[in-house]
Amino acid sequence: MNEESPLWASESFWKKVAIWVTAGSFLILVVLTFDSLSQTEVGGKRVQAYSVINKKIDYVYKEDLHKFMPVIGETELLFGQEFTEEEAEKLVTLGKKTTQAKNCMNCHTLLGNGAYFAPDLTKAWLDKGWLSKELREELMIKFLLDPENNARTFGSNRKMPNLHLTHDEAKGVVAFLKWMSSIDTNGFPYNFKTIYATEE
Amino acid sequence: MNAKELCGVANAKLDTFVTWTALDRSNLSDGRKLAVNYFIVAVILFFAQLLFGMIAATQFIFPNFLYGFLDFSVNRMVHINAMVVWMLYGFIGCTYWLLEDESQTEIVGLKYGKLAFWVLTIAVAIVVLVYLFIQIGAGNDTTLWLINEGREYIEAPRWADIGIVAVVLTFFYNVVATFSKGKWSGIAGVLTLDLVALAGLYLAGMFYMTNITHEQFWWWWVIHLWVEATWEVLVGVIMAWSLMKLLGVRRKIVTTWLYIEVALMFGSGILGLGHHYFWIGTPEYWLTIGGFFSALEPIPLVAMVVHAMYDAGSHSFKNSNHPAVAWIIAQAFGNFFGAGVWGFMHTLPQINLYTHGTQWSASHGHLAFFGAYATINIAFFYLAIQHWRGDVWMSEGSQNAWRWKWALGLLNVGVVGMTIALLIAGYEQSFIERAVEGSTWSGYFSAQNHPSFQSAMVWRWLFGLMTFAGLILLIWDLLTIGKGETRKMAVVEAE
Numbered sequence: 003m004n005e006e007s008p009l010w011a012s013e014s015f016w017k018k019v020a021i022w023v024t025a026g027s028f029l030i031l032v033v034l035t036f037d038s039l040s041q042t043e044v045g046g047k048r049v050q051a052y053s054v055i056n057k058k059i060d061y062v063y064k065e066d067l068h069k070f071m072p073v074i075g076e077t078e079l080l081f082g083q084e085f086t087e088e089e090a091e092k093l094v095t096l097g098k099k100t101t102q103a104k105n106c107m108n109c110h111t112l113l114g115n116g117a118y119f120a121p122d123l124t125k126a127w128l129d130k131g132w133l134s135k136e137l138r139e140e141l142m143i144k145f146l147l148d149p150e151n152n153a154r155t156f157g158s159n160r161k162m163p164n165l166h167l168t169h170d171e172a173k174g175v176v177a178f179l180k181w182m183s184s185i186d187t188n189g190f191p192y193n194f195k196t197i198y199a200t201e202e
Numbered sequence: 008m009n010a011k012e013l014c015g016v017a018n019a020k021l022d023t024f025v026t027w028t029a030l031d032r033s034n035l036s037d038g039r040k041l042a043v044n045y046f047i048v049a050v051i052l053f054f055a056q057l058l059f060g061m062i063a064a065t066q067f068i069f070p071n072f073l074y075g076f077l078d079f080s081v082n083r084m085v086h087i088n089a090m091v092v093w094m095l096y097g098f099i100g101c102t103y104w105l106l107e108d109e110s111q112t113e114i115v116g117l118k119y120g121k122l123a124f125w126v127l128t129i130a131v132a133i134v135v136l137v138y139l140f141i142q143i144g145a146g147n148d149t150t151l152w153l154i155n156e157g158r159e160y161i162e163a164p165r166w167a168d169i170g171i172v173a174v175v176l177t178f179f180y181n182v183v184a185t186f187s188k189g190k191w192s193g194i195a196g197v198l199t200l201d202l203v204a205l206a207g208l209y210l211a212g213m214f215y216m217t218n219i220t221h222e223q224f225w226w227w228w229v230i231h232l233w234v235e236a237t238w239e240v241l242v243g244v245i246m247a248w249s250l251m252k253l254l255g256v257r258r259k260i261v262t263t264w265l266y267i268e269v270a271l272m273f274g275s276g277i278l279g280l281g282h283h284y285f286w287i288g289t290p291e292y293w294l295t296i297g298g299f300f301s302a303l304e305p306i307p308l309v310a311m312v313v314h315a316m317y318d319a320g321s322h323s324f325k326n327s328n329h330p331a332v333a334w335i336i337a338q339a340f341g342n343f344f345g346a347g348v349w350g351f352m353h354t355l356p357q358i359n360l361y362t363h364g365t366q367w368s369a370s371h372g373h374l375a376f377f378g379a380y381a382t383i384n385i386a387f388f389y390l391a392i393q394h395w396r397g398d399v400w401m402s403e404g405s406q407n408a409w410r411w412k413w414a415l416g417l418l419n420v421g422v423v424g425m426t427i428a429l430l431i432a433g434y435e436q437s438f439i440e441r442a443v444e445g446s447t448w449s450g451y452f453s454a455q456n457h458p459s460f461q462s463a464m465v466w467r468w469l470f471g472l473m474t475f476a477g478l479i480l481l482i483w484d485l486l487t488i489g490k491g492e493t494r495k496m497a498v499v500e501a502e
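Chains A and B are the protein sequences, given in the same order.
So the mapping is simple: the working numbering equals the position in the first sequence, first residue as 1, plus 2.
So the mapping is simple: the working numbering equals the position in the second sequence, first residue as 1, plus 7.
No lab work stands behind these hints: they were computed from the structure.
Take the hints with a grain of salt, since some may be wrong.
What the hints assert, rightly or not - Computed cross-link-like contacts, DSS-like style, restricted to lysine-lysine with a CA-CA straight-line distance of at most 25 Å:
#, chain 1, residue 1, chain 2, residue 2
1, A, K17, B, K259
2, B, K118, B, K20
3, B, K40, B, K121
4, A, K17, B, K188
5, B, K252, A, K17
6, A, K47, A, K195
7, A, K58, A, K47
8, B, K412, B, K325
9, B, K252, B, K495
10, B, K490, B, K325
11, B, K490, B, K20
12, B, K190, A, K18
13, A, K17, B, K190
14, A, K144, A, K130
15, B, K118, B, K11
16, B, K412, B, K490
17, B, K188, B, K40
18, B, K259, A, K18
Just chain B, same shape as in the assembly (with noise of 0.2 Å):
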């Protein structure tokens, strides 16, 4: 078979594949059609990140699995990055699908807004290709700039950094632009300000340093900065925006909601980048600051929990699509649990001396990265799913309501288990590694051949599993769910 028949092959079988899944693009605006390719994509990395994820998993049990061909470096790297890059793929989908419905005018630059998804697509393609197939170079600047930064998060190459800033201003300039054009809000004004805080926030980790301790000092600024402060806000106007869709929460409640989130959010977590000054050589201050600033980092997060709970049982929990909601629910509490539970636990330095750089932060980053980020994409992905089949109703008595709350149940279920396990895991190796044997690589060595620990990572291999079963089902339910439906969702009025 030659290549030109290979492709019509690929064609047919993929025009066979979107005729079953039966979902109407006519059926979105303009903007939304733009939304929903970035979720196609997101899920897509979703699905790679959990794939790279497992294999990870796999070689803390069988170290040669893979040896030599796809190393440990290279698994974790592209988990990791498939991690933080779906989420953005999420977080622009998002902005995308309320901003017409936000500023009530059609968004201004969408053929710009076209280009830069498919110039990042592209670029986040040969990016992961390289990581596949190149790996590592040699210990110079062309590394650097063509293949991998070697910077936990941001490995990009430079060239990538660039074009992700130029595709980020992009973006920018349609939200702006689309604002300026229609109507702006206070849910409009945040998102606006959290944006460009976020896309300056890149440029902070696009340097390269001798001075690691300089070189880490920036690299906080991007990572923390975009996870516990500006990435939290993007949430919390996502959430105010969808509350009122789904709910018809009154636009003056979340507003009002949105501003105390912003106050405590940004209060608690610009000084809480303190917590990541402890030990990379910075001044001794970093420790009282660094303590008590991230250990306030929960409050906002109790504070949306109580928003989304109180305004969801005042209504009754009646909407037209339970998936979405359920999620969002899944949101409160996984943020609050992760993100603010399971980081105050280790976050004061008298006891981060011990667990930091231990399985520790990974248990915490599991909980957090899905409870804060993962859901309210997940939910996001249900309300475009609904209007891309019509304005169907996905409430009581749609049929195949057990695949998306299994998938519900596998994912949550199985991330918390992950995250357990995890949890032990760093338990041991705090007590054992760190405080027993000082650190050292016999002492590391002693805490990795433990049983408890090898036992936990058998136990991350299978809630991993089971996570890995609940974003299949997710992805099954995602292309049929409301197929065949006839009944149209309840038009939501604000009070």
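So that you can see chain A by itself, here it is in the shape it has in the complex (with noise of 0.2 Å):
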């Protein structure tokens, strides 16, 4: 390159260039970013309340938008008890945390991140392989506390450890789970049945 080098393949343009697109791109990136964060603020229309853990949660196929959709429906206490928010956040924040202590996201995904090695726990609540809506409560917790015991290998031979929750932690995880089944994720996972379908 000499000094009549063409502007395309001048150093100081694309220099500017490499700015530009830089400066650029990040703001549209933190514009962006304020609007998804206040689109998906807890209580909004996407992520719902704590307290959507009084409700029942459905997941179905809407014809008019070609996707899956949480579906938020009557009351359907769990453990038999009605949370206000305040009681509903404590308890899903002691999940959340829960999840994070015992390392969940290294073998299990959560919203489709994490390892490979265990199933999803994006829908898990609403997994059919609770059996029913009436014994699920009692499955779940029974599963967390001893995994070894209770173990869901679907002949796979794979184990989740015992990781030594409380039965408190237990009841977090499972109110946690309940509350992540209610958040609009665009429709992953696709064609999932959830357990009320496969009762209906």
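Please assemble the complex out of the two chains, which come individually in their own frames, going by the hints.
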């Protein structure tokens, strides 16, 4: 390259392009971040209030939208108890912290992110593997407290190890899973048949 | 034998080992002595990455292997954390390696740099020991602060996060202060701005949030904007400098290319972040933005291949360090195929709906991290060892050249083999678990139990073993290459 380099091959031109493209992209990202965070506040349309754990949650295919969507129904209490928003937040927080402290994400995926040694937990609350909505809570608690003896290996020989959860932590995890299943995930996972779909 | 005697024996063994390597640290400047410290720890962590990867891969085939003692979650965490950390060590090492040469002055805060190295290394050792021996804690803040944050890739407990930030700031000070005292250049400018972004982004991953959508939103700021933006630019910087040094490419050419790469990389990579926002609860517009910009992400990688190959070809591949140049070529292709092609294959939302969270991601992850980042670090290990031996000839007619060639072959074929095996598993999973059975737990296990998945896991294990053998050979080669070589390397003159 010499002094007569055309503009498209000149160092100073590309330096300016690099700066403007980076700054422009970053600015757009910041604007979209503000918008996304406000649209996904707890209690909004996409991410439900924690007290949604008092309700029936389902996940059904919407013909008009061409995707699966969470549907919030009538009251369906968790552990036979009605939680205030504050109590629900406390319980879901305990559950969320437990999933982090027990390193769930390095076997399972949550919202599809994590490791691939165990099933996705996004809609675990709605999984037909819990047999019926009457048995579900009890089975989940039993499984979380003693996964070895209540193993759900589906013939794979893969068992969750005992992670020594307390009873309260197990309840927190169940509440967290129920709340997470109500998040509008743009139709992920596709074609998921819930425990209600199986019953009907 | 008491502890004192044991220490004595260990010291004697270490001395024998150091004498055997016949490496003379007096061949290195003070800045480069610091750089090789980083490289040594990087290689040790590379070994740990593969060891724990092999254990985790074994557990896919024999789930009861080490069950209840070293569970999959622990092995997988150590596997990916060792990888992230060894690559960071490598990058810091590479930067210290080129810093004095590029700025034409001595590193300003060398003693802080040395201190930061030891602080970081001790912190990493403690974190790993806690991962292995304490593993998990109660569901409260104490666990997140002291044991494990439970967030993939950035599991390090909060105390360690703060330590990492302090160390990175020290490193950043050294870079900026050294360039300020010496000479700035285009490479120096890009490096500095990139490090600001790299350090700043880490802060986004240091907060607890119950709202998992917000938590994953910020988590991806760290993971994606590191791996698919700032790390790539850092590699561009390292590549630019090494092409000048290894092949004598003109500064004006590498700098112009570097700016083009930055524009393309950040222009596609920053908003390409959107491909992680398809399914975590974030608004639908990310399907369009993420799909479009992430589909552009391979373009800068094509540019990097063209750049490296053209420069190498136009200099007829003449150089004094064959292994380093070979690994740089491997980087150009590995980055393009691993990060570019394998990423593109499942980045559009219409396909990602089925592939997200399956072995597709693992397939892409293996080839991309190896192709883009392991390769460039290995190239630098060879550069470092050449100078450490006293600028010896490491080109045509070198003794035992089969070792680096076989190490190169085993590592590359091993990783590509794992990538293909995991891709087959991913296809099968996307089809059976996702499309047909709708991602239920029973659907998940139907896919896991399928013969094509099971045999893919066996193939992955075998290619993993090949990779591991390649690493052992690589380490042997690094310790011995150039030993007894009397010819000096040719001085590379810039055009």
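- Message: Hinted pair, alpha-carbon criterion (25 Å max): A:K47, A:K195. Please report holds or violated.
- Response: holds, 22 Å
- Task: Mind checking the alpha carbons of B:K490 and B:K325 for me, to see if they're no more than 25 Å apart?
- Result: Within the cut-off at roughly 22 Å; holds.
- For the pair supplied as a hint, B:K118 and B:K20, confirm whether the alpha-carbon distance does not exceed 25 Å. Roughly 28 Å between the alpha carbons, so the hint for B:K118 and B:K20 is violated.
- Query: B:K118 and B:K11: Cα distance at most 25 Å?
  - Reply: Not satisfied, since the Cα-Cα distance of roughly 30 Å exceeds 25 Å.
- When you check the alpha-carbon spacing of A:K17 and B:K190, does it fall within 25 Å? Given pair A:K17, B:K190 holds - Cα atoms ~18 Å apart, limit 25 Å.
- Query: Holds or violated: are the alpha carbons of B:K252 and A:K17 at most 25 Å from each other?
  - Reply: Given pair B:K252, A:K17 holds - Cα atoms ~22 Å apart, limit 25 Å.
- Message: Holds or violated: A:K58 and A:K47, Cα atoms, limit 25 Å.
- Response: With Cα atoms ~16 Å apart, A:K58 and A:K47 stay inside 25 Å; holds.
- Do the alpha carbons of B:K40 and B:K121 lie within 25 Å of each other, as the hint requires? Holds, at roughly 10 Å.
- Task: Sort out whether A:K130 lies within 25 Å of A:K144, counting only the CA atoms.
- Result: holds, 16 Å
- Pair hint B:K190 and A:K18, alpha-carbon separation not exceeding 25 Å: Measuring from Cα to Cα gives roughly 21 Å; hence the hint holds.
- With a cut-off of 25 Å on the C-alpha distance, tell me whether B:K259 and A:K18 pass. It holds: about 15 Å lies between the C-alpha atoms, which stays within 25 Å.
- Message: Need the status of pair A:K17, B:K188: alpha-carbon distance at most 25 Å?
- Response: It holds: about 23 Å lies between the C-alpha atoms, which stays within 25 Å.
Going down the numbered hints, you'll see the structure goes against 2, 15, while the others check out.
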